[in-house]
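**Student:** Assembly of the complex is requested from the two constituent chains, each provided in isolation within its own frame, with the hints serving as guidance.
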Amino acid sequence: MSSVAVSKKKGFGAVLWDYLTTVDHKKLGVMYLFAGVLFFAIAGFEALLMRIQLMVPNNDFISAGLFNELLTMHGTTMLFLAATPLLFGFMNAIVPLQIGARDVAFPFLNSLGFWLFFLGALFLHLSFFMGGAPDAGWTSYASLSLYSPGHGIDFYVLGLQISGAGTLISGINFIVTIITMRAPGMTFMRMPLFTWTTLISSSLILFAFPPLTVGLFFMLVDRMFGANFFDHTMGGNTIIWEHLFWIFGHPEVYILVLPAFGLFSEIIPVFARKRLFGYSSMVFATILIGFLGFMVWAHHMFTVGMGPTANAIFAIATMAIAVPTGMKVFNWILTIWGGSIKVTVPMIYALGFIPSFVAGGVTGVMMATAPLDYQLHDSYFIVAHFHYVIVGGIVTAIFASMHYYWPIMFNRTLNEKLGFVTFWVFFIGFHLTFFLQHFLGLMGMPRRVFTFQADQGWDLFNYISSIGAIMMAIGVVLLVINVLLSVKTPPVNRRDYWGDGRSLEWSIQLPVPFYNFKQTPLVRGFDPCWLEKQEGNKEMMTYAEPLGDIHMPNNSILPLIMSIGLFIAAFGALYHPDGVSWSVPVIVIGLGITVLAMITRSVKDDHGFHVHVEEVIATEEHLYGKGGNK
Amino acid sequence: MMKGLKKWRLFSLLAVLTVFLSACTGEDYISTLKPAGEVGEDQYDLLIFSISIMTLVVVVVSFLYLYAFTKFRRSKLGDKHIPKQVEGSHTLEVIWAVIPIILLLILAVPTILSTYKFADVKAMDEVDEEGNKTALTVNVTAKLYWWEFEYPEQGIVTAQELVVPTNEKVYFNLKAADVKHSFWIPAVGGKMDNNVENVNKFWLEFGKESEGLKDGVFYGKCAELCGPSHALMDFKVKTVDRAAFDQWVAAMQATEGQTASVDSTDLGEATFAQSCLGCHAVSGVGTTGAMGPNLTTFGDRNRVAGVLEHSKESLENWISDPEAIKPGNLMTGKYSELSPEEISAVADYIMSLSVEK
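Line by line, the protein sequences are chains A and P. Numbering-wise, the first sequence is residues 1 to 630 according to the UniProt record's numbering. Numbering-wise, the second sequence is residues 1 to 357 according to the UniProt record's numbering.
So here's chain P without its partners, still in its complex pose (with noise of 0.2 Å):
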């Protein structure tokens, strides 16, 4: 009888849990519980074995205890009562002891063995016979609430959308240019920081073409507390099979050179000329390193700032007045001020950047 209601008590929790488990599950451009990846999917994997083992101990003690609360009460064996006053006992002691150690050694291999795969980037530094890097690498560079990503072997650079190809090992070196923020694509791995004095290695790889996602992207996020505005350090991630990357590098590469001129007869691109030029690039091709986000790519992205929706009207308001979206940004003050029909000019200009129309 006893044994019956336990194995009923265990199923009815498990339902209960595997009910609110799909529950929330979150979305599938931003979730952990959703990974698209090798690095996400052996981190859910983990996720998933931890967490059994933790239901597993949480359920025997609550048990226990549950039971001994119950059954052990003064209102049924009366005020008189005087237990049995029990010192201890050396074999549950053990028992106690030993278990959760096994437990813990059951985690412990999975942990080392995915620590030390995580952190091997040897390839990183593989050529083919050519003295071409076979492997992909970006370097983020984290600054106040934007994210800078270079492409050294291709010699491009963009901001704010990170494209990438989709299944094979992508390398990322880390770096902070100001304060210390962290690297986070919850739905694709989990995240390393961006150290203000050195390089941080690590990798990614992207199960899944981000384009049948709501917004045809992941989500980025910075993770590590960095200011006023850290919670507005968003970045998106598209990703595209190697064909299309290739597609997008070459269309990157092939902005060589653009730029805006001061006289040209375009009252936007002047005015971006005069006011913007000299921290924003319109060029994709480049290093790291710049004042502002590098707008080669602005009319193909989703987002302005990181976290407007993609309109000309958001980017007037953020042109207008980023301190009120963004507090504590530096693009505030850097230019005078403009008059709206600049400021509309500017958008129009700006949106129309593109590599990919």
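Excised from the complex, chain A in its bound form (with noise of 0.2 Å):
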């Protein structure tokens, strides 16, 4: 129980019994950030596999059904189980210390939201092992997926939907925490933009991945019991998948890249010493996009035959989200300027941000051209356009992020001399690895191909985009070396590790204790800690409320059990077309666990527990030695 934070060093299988129960919103903000590493590295790494493939023409490194493999599980790894988690690492970690708030506002909840992913993720991938991955793309259109052989799409499809219960779980949660648990005096208008672009990612995916359960759901049943949704031959139609998969596929680009532009705005105004320039507008244009973001899905679509008039609507709709786009990037570009930019690891990827950002949005303005779309649209323009959204515009953000907020996730620092090489190296690897992607695709090359013949002008480009996918792959290898480093560095010990921070997280003394504050802040204004400082407060914290007991949740085994429960019961799932007799006992003994384990959850009343004031002054004494926090 963490009311006894006052200890002695734990043994193994006490620390991994915490993890296993924690419900302590920085613990599981760290379990998502090395889960999402994790799955980001296996990716990457199939990423790697394919470029190698593609060096020469005609190579035979990787046969065709496992590099359609691979580019099934790169996809659906990078955005379902890598850009996801680790965005919701920083959420986890670093919002509810933005709002002033003890926790979120359903800390079980929170712990369910991981370990159904994590579970759906290791489901997943379990593939590989079992019988091999899906083959389908990760859009997975319902032509092909039906017609694939084996079990690769049942594995795709349970393993979603488990994952994807756990990623609607966490938005509800950070929908509910940013609205109700906000301390006194941080009103809308106040909070700061990774806190807003939190609240509207999270409604995003309250509204997104309902399409896609129900996809999914139709494509399970389909393969499970024949039920004909999508078979066209049986009166089941294949566009819907498309559609179903676009209304949710379209707002998951925004559900990522919002918060990657929040992360951003939290990082230049801190090494610019400037406020963020034209908050009010910033807000607005993040609500406006996720608005818009709902709005243009079948611009992936363009060339499936809706007719000139969907398509001109579409492509005037997607035409239109950049303009609140580029209203960001000017905001930030106006924040730098007149500022004092002081060049960290955090804000050279920020800087190297906007460029790259900027040149994957206008690829997306000639995408949405319609006309010019049926030639760009599955060819490697697509495929160079949408990794300058993500590397360019998300990758950056979490490595910027991993820098910025190292220091109060760990009370550790990452190394800056290694931060700049490994942003180097990793930037001109992923500039060598995209740009020229673009001219492949206007010369022709289609996108998702194993291999190529020699005689179409494409050897030259293909060879330089595998050196640069090389690069990245040594820039990321340095960022993990970086992060290993960091566990021999001194503790940080202080507040406000950069010197500028602005928002409420910096306010706090690290190591941040369990209960965050011992006494919930007063924000009087916009940029508390800013403005704390700049009137000389040396605790750079106002407070709400006297030194009192705190109300805090207990842990609880039940979030895991709930989720192995599934986790079974998959495997029952997946075998069960084979007409294997034990598929249908699999299944109910798997639902059977996670059913009691929810009937525990709710008879046993868990009233959480209260840290008396004097564990609070031992703790802080422990922490921060005589005198606790001051």
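Hint data in this document are derived by calculation from the structure and do not stem from the laboratory. We put the CB at the ideal spot given by N, CA and C, even for glycine. It cannot be assumed that every hint is accurate.
[Said to hold, decoys possible] Each computed DSBU-like pair below joins lysine-lysine, with the alpha-carbon atoms no more than 35 Å apart:
1. K76(P) / K533(A)
2. K417(A) / K84(P)
3. K122(P) / K169(P)
[Said to hold, decoys possible] Every beta carbon over 10 Å from chain P, so not counted as near; a handful from chain A, in silico:
4. A165
5. L292
6. G305
7. I428
8. H431
9. P446
10. R494
11. E545
12. G592
[Said to hold, decoys possible] A partial selection of chain A residues facing chain P, derived with a Cβ cut-off under 10 Å:
13. N68
14. K274
15. I336
16. Q456
17. W458
**Tutor:** What follows is the structure in structure tokens.
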């Protein structure tokens, strides 16, 4: 129990148990971060194998079937199991601190969300060892996915269903947390941009994941029981899948990129030592992007044959998104304009982000031009476009934030020098890999090809692109080395690590105690940490309440058990179409475990526990020495 | 001074861009940057137009950003400097909302016009006084890793190599027989999907005879992931003038009733009739729906199985083990094992099938 945080060094078993049962948003943030890094590394390795295969024409390094598995798993893993958890990691670790909360609104659900995501991801990856991974692309278009032999697609459907439930739960949790758990004085229009983008992106999750869930469910019953939702020979329709998938899939891009925007909106003002320019228009642009994000899904389907009217409408709607996005870019530039720029590792990523993301954005507008998209669609041009957006926008944000928030998350620091080397290796590798792919697409190279013939003028650019991919891989290895080295760095043990912190999380003395704030802070304006510092407040925080007992949630193993139940049931569902006798019992046992855990949770009242004043004072003394948090 | 510098930067950037662009426009039989035909040319113009606007945006943003980045450095301003905490500016917000809107509106006009233009297939059903269709229509059926081209008005069907007349609109009905594919001739115009449940219609215009190209054909691609051999699902397009096209149609129509006989003294023909004829027709007259590609024009084609060099040796390799060449194809295992002599004879026979020689 964490109320006895003032304890001696714990054994390995106790630490493990603590992490398996924890409901602490900071620990879950760390778990999301490491799970995300693990899957990022796996998916990155898959990309590297594909680029090696495409380095020279007619290569036979990887077979056609395996290549399709790699491209499917690369896309699926990167979007669902790497970018999403990495961003959730920062949301969990930082958002409660930014709004002055002691935890999220539903700590139990927070843990459940993580374990569902993790076991779903694990399930999906077991496919490599159990008869083949999914091979119909991350979009898994219905005609091909129904045709696909083996269990690959079943792994995809069941794995994403479980991890998608986790994402949905986490999204709801953040919405409620941000709406209800803000400290006194933290009005909506004083919320930091990262909190705002987390709120909007969680709302997008709330509306975007149900269509995916429905689509996956249709696919599941089609494959398990022959339900024929998508089998056109039986009156089904495959285009329905495309719509369901993209009604989810397009907002998904904004679910990922909005928090990335939020992270940069935190980093840029700090290292420019200047208030974020146009805060209210930044908030407005975020909401507008979220709203428009739902209006444009069919631009992924211009060549499907929806007719010119639908194509024209979706083309114009898509172009409209460029306006709020452009507002954001100009606001960032105006933030550094007239500022005092200190080039740290997070800042160099932010500065690299702006031109890369703009380049990805403008090619997006080109693809929105429907008649031009007939040429660009499903060519290497689109591959270049979305990697500019995802790597240039989201991955740079994640790497930047690892450096930026490492002190808060671990009370340790990442090495700056190695960070700069990592940035340059990764950044140059990134442009080398993807810039030329625009031209490969224009020169007629379709995407998702496992090989190409030598006589089509694509050899040189593919070769250079593969060299770039190797550089990116080296960059990621350097980052991992940096993470490992950080264990040996001295603890930070102070407030405001970067010296120019603006939002509330920088007011907290490191290491952050498990209850975050011994007294709930009073937020007296925008950028509270900066405000208090300007007024000479050494504690960087004004308190809204006297020191008192703190109410905290209890740890629980139930979320893990519930997730394990679904994990077991998924194996039954997976093998059910094979006609094995044990499939139904396994489904029943698995679901039974989950339901029992849910009943236990419902019947057993859990009111949490109180940390008494004496314990708080003892904890503070243990963490910060005599005199406590001063 | 500043203005001169700005101009110089812009100029050098454009110069570099021009050199770079001219160095990588690709091959004229497959690149969208060397368009041959009305649709491809319109799309190319749209590309250049939108790229110009977008380059302008990137250049302006990059310039502002690099300027701010180099000018406002803490190393120059000193560690103690606290910049003015500006809240924002309504005027600026309006400016950078309105300018993009104007740029997008400019781009939206040709977008909408071209969208409707490319989708206009009314002429498909137009007939002359005798009730004959005035426009050429080709029904394209995409199948697991090959393409079937049916000319319904002419009553002929071919595969893997599309033959079309130049300088007139050719209309296409697109459909997939198994899983979704996408029909793309990059140098001639943008793609459209072959769906499994409905027919998609569009048109292309072929502006250049393919005679002078490296292989004498334009390259066509499947653009939608369709299984292991998606990357190998190529086809070729031979464009000829109207007279040559009519001649080709007549030659195709003349193959009516052509077949292979089991009793033939030619080992190749007999083996073909025994093992292959069930799926592969050798008469160009017919309709769509064959199990395997129609082979009537095989000798005139450019590739074996869409990707291999057009030689007897490749054909023998293909017949002896198609799975090794196109994984997941539907030909593997459909015929009993053939001896080396039989394979050689069948290859000779298939290579001899031609309507042009």
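**Student:** Now look at each hint and say whether the structure bears it out.
**Tutor:** Hints, verified against the model:
Of the pairs offered as hints, the one joining K76(P) and K533(A) holds, with about 24 Å between alpha carbons and a cut-off of 35 Å not exceeded. Of the pairs offered as hints, the one joining K417(A) and K84(P) holds, with about 30 Å between alpha carbons and a cut-off of 35 Å not exceeded. Pair hint K122(P) plus K169(P) holds up; C-alpha atoms about 12 Å apart against a cutoff of 35 Å. Non-interface call for A165(A) relative to chain P: holds, since the shortest CB-CB distance, roughly 27 Å, exceeds 10 Å.
The Cβ of L292(A) sits about 13 Å from the closest Cβ of chain P, beyond the 10 Å cut-off, so the non-interface label holds. Against chain P, the non-interface label of G305(A) is violated: not every CB pair exceeds 10 Å, the least being about 4 Å. Every C-beta of chain P lies more than 10 Å from that of I428(A), the closest at about 17 Å, which supports listing it as non-interface. The beta carbon of H431(A) sits about 13 Å from the closest Cβ of chain P, which is more than 10 Å, so the claim that it is off the interface holds.
For P446(A), the requirement that its beta carbon stay farther than 10 Å from each beta carbon of chain P is not met, with the minimum near 5 Å. Remark: the non-interface label on R494(A) is consistent with the geometry, its nearest Cβ contact in chain P lying 18 Å away (cut-off 10 Å). Every beta carbon of chain P lies more than 10 Å from that of E545(A), the smallest distance being close to 29 Å; the non-interface claim holds. Interface exclusion of G592(A) from chain P stands, the closest Cβ pair being 38 Å apart, more than 10 Å.
Annotation: N68(A) was flagged as interfacial toward chain P, and the flag holds, the nearest CB pair being 6 Å apart, inside 10 Å. Because the beta carbon of K274(A) sits about 5 Å from the nearest beta carbon in chain P, less than 10 Å, this interface hint is met. A cut of 10 Å between beta carbons decides the hint on I336(A): the least distance to chain P is about 5 Å, and the hint holds. About 5 Å separates the beta-carbon of Q456(A) from the nearest beta-carbon of chain P, less than 10 Å, and the hint is met.
Because the smallest distance between the Cβ of W458(A) and any Cβ of chain P comes to about 8 Å, under 10 Å, the interface hint for this residue holds.
Consistency note: the structure conflicts with the earlier hints numbered 6 and 9.
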